[in-house]
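*Asks:* Below, each chain spelled out in residue letters.
Number of protein chains: 2
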Amino acid sequence: MRPSIYLFGDSITEESFSYGGWGSSLANHFARTADLVLRGYSGYNTRWALKVIEKVFPATAEGGGAPLAVTVFFGANDACLSDRCSAFQHVPLDEYKQNLHAIVAFFKKRWPSAHILLITPPPIDEDARLLHPYVENLSGLPERTNEAAGSYAKQCLAIAAECGISAIDLWTKMQQFPGWQKAYLRDGLHLSENGNKVVFGEVIGQLKEEGVSLETLSPDLPLISEINPDDPLKSFDN
Amino acid sequence: MRPSIYLFGDSITEESFSYGGWGSSLANHFARTADLVLRGYSGYNTRWALKVIEKVFPATAEGGGAPLAVTVFFGANDACLSDRCSAFQHVPLDEYKQNLHAIVAFFKKRWPSAHILLITPPPIDEDARLLHPYVENLSGLPERTNEAAGSYAKQCLAIAAECGISAIDLWTKMQQFPGWQKAYLRDGLHLSENGNKVVFGEVIGQLKEEGVSLETLSPDLPLISEINPDDPLKSFDN
Chain A
1 MRPSIYLFGD
11 SITEESFSYG
21 GWGSSLANHF
31 ARTADLVLRG
41 YSGYNTRWAL
51 KVIEKVFPAT
61 AEGGGAPLAV
71 TVFFGANDAC
81 LSDRCSAFQH
91 VPLDEYKQNL
101 HAIVAFFKKR
111 WPSAHILLIT
121 PPPIDEDARL
131 LHPYVENLSG
141 LPERTNEAAG
151 SYAKQCLAIA
161 AECGISAIDL
171 WTKMQQFPGW
181 QKAYLRDGLH
191 LSENGNKVVF
201 GEVIGQLKEE
211 GVSLETLSPD
221 LPLISEINPD
231 DPLKSFDN
Chain B
1 MRPSIYLFGD
11 SITEESFSYG
21 GWGSSLANHF
31 ARTADLVLRG
41 YSGYNTRWAL
51 KVIEKVFPAT
61 AEGGGAPLAV
71 TVFFGANDAC
81 LSDRCSAFQH
91 VPLDEYKQNL
101 HAIVAFFKKR
111 WPSAHILLIT
121 PPPIDEDARL
131 LHPYVENLSG
141 LPERTNEAAG
151 SYAKQCLAIA
161 AECGISAIDL
171 WTKMQQFPGW
181 QKAYLRDGLH
191 LSENGNKVVF
201 GEVIGQLKEE
211 GVSLETLSPD
221 LPLISEINPD
231 DPLKSFDN
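Quick mapping for you: the protein sequence lines, in order, are chains A and B. Each step along the first sequence adds one to the number in the working numbering, with nothing skipped, and position 195 is 195. Each step along the second sequence adds one to the number in the working numbering, with nothing skipped, and position 237 is 237.
One chain only, chain A, in its complex shape (with noise of 0.2 Å):
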């Protein structure tokens, strides 16, 4: 009865219900007229999330329950250097854009009217990322560049854009707030507590500017300012 919109992603989605997480602030914001549901994977690149999606994904028995949304949030991963520390997370500019379609394409012909919106990889602060390695790095060099997240975003874009769906360019909008690499970011890829916020605005804006909001969903059940204090029991009549 109540309409989900699906988050599908790597850690920055897995870790979007965490202290005021993206994912949150979305469920907080459709607390009563969407389902958010969380299918982050921590780690996972688009050659993984292709493998899995149909287990992520079940096709129903009865064919329904099409999300109003989707958001795709990888590449953060795939972007990882082919020669540093983080090698087995990376995949080929080429082979992710394939994937980001081949993913795309998945989700046209589950939901044809599902609205589906790609989210670029975040920039990359390598300083930070040389304090924070998820394995061990002994090189002094970063498993993760900001240029080479760039090319991923740029790539998600063109992706976006062949396949006629929006696209949130992160990579671009956070780097225009000067100190963007402590101001958003907690460990030089994740995403602090202003850069959770950064993502939610742009979500929230993009799902509106295509008619997912506030102001086109329904309430499932009379809110409580629709409630006459005269008369509760009719507002729940029909």
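Hints were generated in silico from the structure; no laboratory data involved. Only a predicted model underlies this, so the values are computations on that prediction, with no experimental measurement involved. Don't be surprised by glycine CBs; every beta carbon is placed ideally from N, CA and C. Worth double-checking, as some hints may not be accurate.
As the list claims (entries may be wrong) - With a straight-line cut-off of 30 Å between C-alpha atoms, the simulated DSBU-like cross-links for lysine-lysine are:
1) Lys55(A) - Lys208(B)
2) Lys51(A) - Lys51(B)
3) Lys197(A) - Lys197(B)
4) Lys97(A) - Lys234(B)
5) Lys154(B) - Lys108(B)
6) Lys109(A) - Lys55(A)
7) Lys55(A) - Lys97(B)
8) Lys55(B) - Lys208(A)
9) Lys108(B) - Lys51(B)
10) Lys234(A) - Lys97(B)
11) Lys108(B) - Lys182(B)
12) Lys234(B) - Lys108(A)
13) Lys197(B) - Lys234(A)
14) Lys182(B) - Lys197(A)
Claimed, not checked - Selected chain B positions facing chain A (in silico; Cβ < 7 Å):
15) Met1
16) Glu14
17) Gly20
18) Ala31
19) Ser42
20) Lys51
21) Val52
22) Phe88
23) Pro92
24) Ile224
Using the hints provided, position chain B relative to the given structure of chain A.
*Replies:* Just chain B now, kept in the frame of chain A:
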């Protein structure tokens, strides 16, 4: 494929995905193992909840999809005094008892395997309520009293015992902490950040006692820590 935990209640549930809320903390805790589904309805009492319960939890066509657990968190509005400014939300104690019994019976019938977890209303800080009335209050008297909330809390515990299910005695638990009025409540009724932490901790603890925890639930897909860097795709073969 991934099981659910439903949160059914009034405004203290509806706003549980706000900043640091107990709902978002649960969603974050179970990020890879269970979906938290928000069904909070600001201002609702057990009378209205019972009126809408079939709409809130429609029978699924295939009859499947039983949630792991359901939290039932009503009583704060039922306990509004019948002769004060929020009287339209008041439900007499006897009817509250019948209604809560009926709500529990509904869930037991619909999903016999689900853990049903009652939560009592929180204690009331009457001074703060005078500063934060929901409707205009010129009487100088709070619309809720701590004593009345306590009566509903005791009834809630009695119902849990009668139904053989568990309950969290939030009313008593919170008052064990000196300064609970400001520490756990932000307006004499709704939860502060620390109050949200109390509810999160209690729910997690009770679920764990009943066998619902990260130790017993399995992630649907491999964790990054389980993926062999030398052959990542092998992890997805099953």
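*Asks:* Each of the hints needs a verdict: does it hold here or not?
*Replies:* Cross-check of the supplied hints:
Under the criterion of a C-alpha separation no larger than 30 Å, the hint pairing lysine 55(A) with lysine 208(B) is consistent with the structure, at around 27 Å. Distance check on the hinted pair: lysine 51(A) and lysine 51(B) sit about 44 Å apart at the alpha-carbon level, beyond 30 Å; violated. With a CA separation close to 22 Å, the supplied pair lysine 197(A) and lysine 197(B) stays within the 30 Å bound. This hinted pair checks out: lysine 97(A) and lysine 234(B) have alpha carbons roughly 22 Å apart, not beyond 30 Å.
About 22 Å separates the Cα atoms of lysine 154(B) and lysine 108(B), which keeps this hinted pair within 30 Å; it holds. Distance check on the hinted pair: lysine 109(A) and lysine 55(A) sit about 16 Å apart at the alpha-carbon level, within 30 Å; holds. The suggested pairing of lysine 55(A) with lysine 97(B) is violated, with an alpha-carbon distance near 43 Å, which exceeds 30 Å. Of the pairs offered as hints, the one joining lysine 55(B) and lysine 208(A) holds, with about 27 Å between alpha carbons and a cut-off of 30 Å not exceeded.
Pair hint lysine 108(B) plus lysine 51(B) holds up; C-alpha atoms about 17 Å apart against a cutoff of 30 Å. Distance hint between lysine 234(A) and lysine 97(B) is fulfilled; the C-alpha atoms sit about 22 Å from each other, no more than 30 Å. Note on lysine 108(B) and lysine 182(B): the hinted pairing is violated, with a Cα-Cα distance of about 37 Å set against a maximum of 30 Å. Simply put, lysine 234(B) and lysine 108(A) have alpha-carbon atoms about 28 Å apart, close enough for the 30 Å limit, and the pair holds.
Between the alpha carbons of lysine 197(B) and lysine 234(A) the distance comes to roughly 37 Å, so the proposed pair goes past 30 Å and is violated. Only pairs whose Cα atoms come within 30 Å are accepted, and lysine 182(B) paired with lysine 197(A) is accepted, the gap being roughly 27 Å. Given hint, methionine 1(B) at the interface with chain A, holds; its Cβ is 6 Å from that chain's nearest Cβ, closer than 7 Å. Proximity of glutamate 14(B) to chain A holds as hinted, the smallest CB-CB distance being about 5 Å (cut-off 7 Å).
Contact between glycine 20(B) and chain A, as hinted, is supported at the beta carbon level, the nearest pair being about 6 Å apart and thus within 7 Å. Hint status for alanine 31(B): holds, given a least beta-carbon distance of 5 Å to chain A, under 7 Å. Taking 7 Å as the C-beta cut-off, the interface hint given for serine 42(B) holds, the closest approach to chain A being about 5 Å. At a threshold of 7 Å, the smallest CB-CB gap from lysine 51(B) to chain A is about 5 Å, leaving the interface hint in force.
With a least beta-carbon distance of about 5 Å to chain A, the hint placing valine 52(B) at the interface is held under the 7 Å criterion. Annotation: phenylalanine 88(B) was flagged as interfacial toward chain A, and the flag holds, the nearest CB pair being 4 Å apart, inside 7 Å. Below 7 Å, beta-carbon pairs count as interface contacts, and proline 92(B) has none with chain A, the closest being about 14 Å; its hint is therefore violated. Contact between isoleucine 224(B) and chain A, as hinted, is supported at the beta carbon level, the nearest pair being about 3 Å apart and thus within 7 Å.
Checked against the numbered hints given earlier, this structure breaks hints 2, 7, 11, 13 and 23; the rest are met.
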